[in-house]
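Sequence lines, in order, name chains A and B.
Per the working numbering, the very first residue in the first sequence carries number 1; after that it's consecutive.
Per the working numbering, the very first residue in the second sequence carries number 1; after that it's consecutive.
Just so you know, these hints were derived from the structure itself, not from any lab.
Misleading hints may appear alongside valid ones.
To be verified - Here are the simulated lysine to any residue pairs, SDA-like style, with alpha carbons at most 25 Å apart:
hint: 1; chain 1: B; residue 1: 197; chain 2: A; residue 2: 55
hint: 2; chain 1: A; residue 1: 84; chain 2: B; residue 2: 92
hint: 3; chain 1: B; residue 1: 197; chain 2: A; residue 2: 158
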Amino acid sequence: MSHLVATPIPARAGIGLRSYHFHEIVDTPPPVAWMEAHPENYFGEGGMALRILERIRARYPLSFHGVGLSLGSTDPIDRAHLGKLHTLIDRFAPTFVSEHLSWSSVDGQSFNELLPLPFTEGSLTIVCDKVDEVQTILKRPMLIENVTRYLTWRDSTIPEGEFMAEVVRRTGCGILLDLNNLYVNAVNFHLDPVKVLDALPHEAVQEIHLAGFDQIGRVLLDTHGQPVYPEVWSLYEWAIHHFGPRPTLIEWDTNLPPLSLLVEQAVQADAILGAHHVLTA
Amino acid sequence: MSSLRELQHAFATAIAGGKSSLVATEIVPDRMARRSLALYRRLIRNNYVHTLKITYPVLHQFVGDSYFRTLARGYIRRYPSTSGDLFLYGRHFSLFLLSLKAPRILVELTRLEWACHEVYQAAETPLFTKEPWESLASSDPSCVSFRFSPAARFLRCSLPIHRLWQALQPDASSEEAVDLPLAAQDTGVLVVRSEGKIQVIGLRAHEYRVLEAMDDRKTVVEIEQIASECGPQRDCASFIASMLELGVLGGIEIGRRS
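Construct the complete structure from the given sequences, taking the supplied hints into account.
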């Protein structure tokens with residue numbers, strides 16, 4: 001059991017931790033307020049990655065952003081996976097633990113991809129049961145994140161924002177709001193992202209993700225492999241004005257850039273958060 | 001469609017290349033619908049190919065990207081993922097290559113890289129204190145055996161595959177030629193994490209046998225006997241000392257008489 005206590009994450013910008021930047025971060029800790037890691041990358045029992053995570057945790061508040069629990073699957077929760085997550089949480093005391101509002105496995109086969117759910121009453125029951133189960137075992141609330149989708153299910157009868165708000169109401173979980181995902185869906189399906197934001201309970205939104213996308217023809221792909229686009233920055237300014245300042249993560253997963261570019265993006269997010277502080281003061 | 005489970009099952013069938021008409025009727029026919037299943041199929045496949053490239057970087061470099069992708073796609077079809085933890089994906093790759101009757105060098109290289117992959121995240125080797133060593137000197141060698149470190153593996157090979165692995169590391173000199181004899185040899189390779197770094201070391205046949213004996217919890221007397229069978233010149237004590245120094249051994253047990 002860790003002696004660490006979860007450190008509050010300020011309403012400032014952090015960056016996603018990737019092994020590509022490990023040594024640079026350890027040698028020259030960047031001026032960011034916090035870091036976020038995928039817990040699955042640290043499920044091993046030992047080795048360099050865990051040692052580096054310990055050093056980073058000693059310096060920065062940390063959050064865990066899981067990708068493997070498959071909250072929307074009709075399969076039972078993988079208890080071995082959840083057990084490893086629990087062990088890691090005990091050791092590193094992250095401030096937030098989040099997962100995706102999606103599914104990725106059926107009949108024991110995993111796709112390791114964040115697949116979209118139909119927003120129905122049936123899905124709501126399954127997701128809420130899973131969130132309840134995870135929160136009970138971890139003995140802490142979790143955050144759920146909206147995902148990118150490349151299809152719309154005919155059966156979806158509940159608007160996405162209302163679906164998320166209902167999961168929050170039934171389970172007491174919080175929301176990790178990914179504005180890039182929201183923007184990509186809005187462009188691909190001609191939707192108004194503000195309608196989703198309007199439906200979310202303000203106090204439930206505890207963290208924001210920003211990232212970049214790629215474009216193939218008229219379709220946007222959520223690759224997390226580019227700088228944050230101007231349209232997403234604009235949506236971010238709107239969201240900060242709407243919800244108030246929130247801890248904000250610059251997420252970059254593919255085509256990884258030099259650490260300095262991630263830090264630049266974090267500085268840009270901090271400027272928007274800071275401007276809001278000044279305005280409200 | 002009546003249930004979420006049926007929908008997810010139909011989606012899985014379509015992604016695997018099976019009948020997609022069932023799930024296609026469940027998708028709103030907007031401008032994205034036509035390409036959505038193909039897009040998901042590509043995203044999922046690329047994710048697994050990327051994972052295999054990370055797990056088998058030397059094999060990838062050795063055979064080239066195009067052939068590696070062909071192998072990876074075959075593997076993905078044959079061995080679907082069963083876990084949300086991608087660290088476990090790819091563990092049957094050497095078996096898959098074996099089933100293709102791939103060249104021995106590829107199979108052995110794949111086994112070696114999986115061992116590296118496991119060792120990278122294995123539990124830490126317990127730190128030796130002086131006490132066991134002091135007691136070792138005064139103990140009856142027929143009562144002393146060793147425990148292997150969780151962060152060490154040894155494999156039997158028929159080719160000096162460690163040399164290929166070493167030559168294809170990012171920090172290796174590109175000028176160095178690798179001479180791999182084609183004739184099968186009885187040899188081995190040791191993978192150990194030492195001070196956080198993966199080391200791959202070639203083993204001669206008698207060294208492999210000594211490690212095998214240690215792993216079987218043979219006593220020092222039995223290990224020396226095995227080493228002497230390999231030839232009188234074998235210095236068993238210095239080999240054991242070098243294994244201790246590398247962190248291959250994770251503990252000493254005193255008590256069992258051979």
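So, going through the hints one by one against the coordinates:
no. : hint              : result
1   : 197(B) <-> 55(A)  : holds, 17 Å
2   : 84(A) <-> 92(B)   : holds, 22 Å
3   : 197(B) <-> 158(A) : violated, 51 Å
The earlier numbered hint that this structure contradicts is number 3, and it is the only one.
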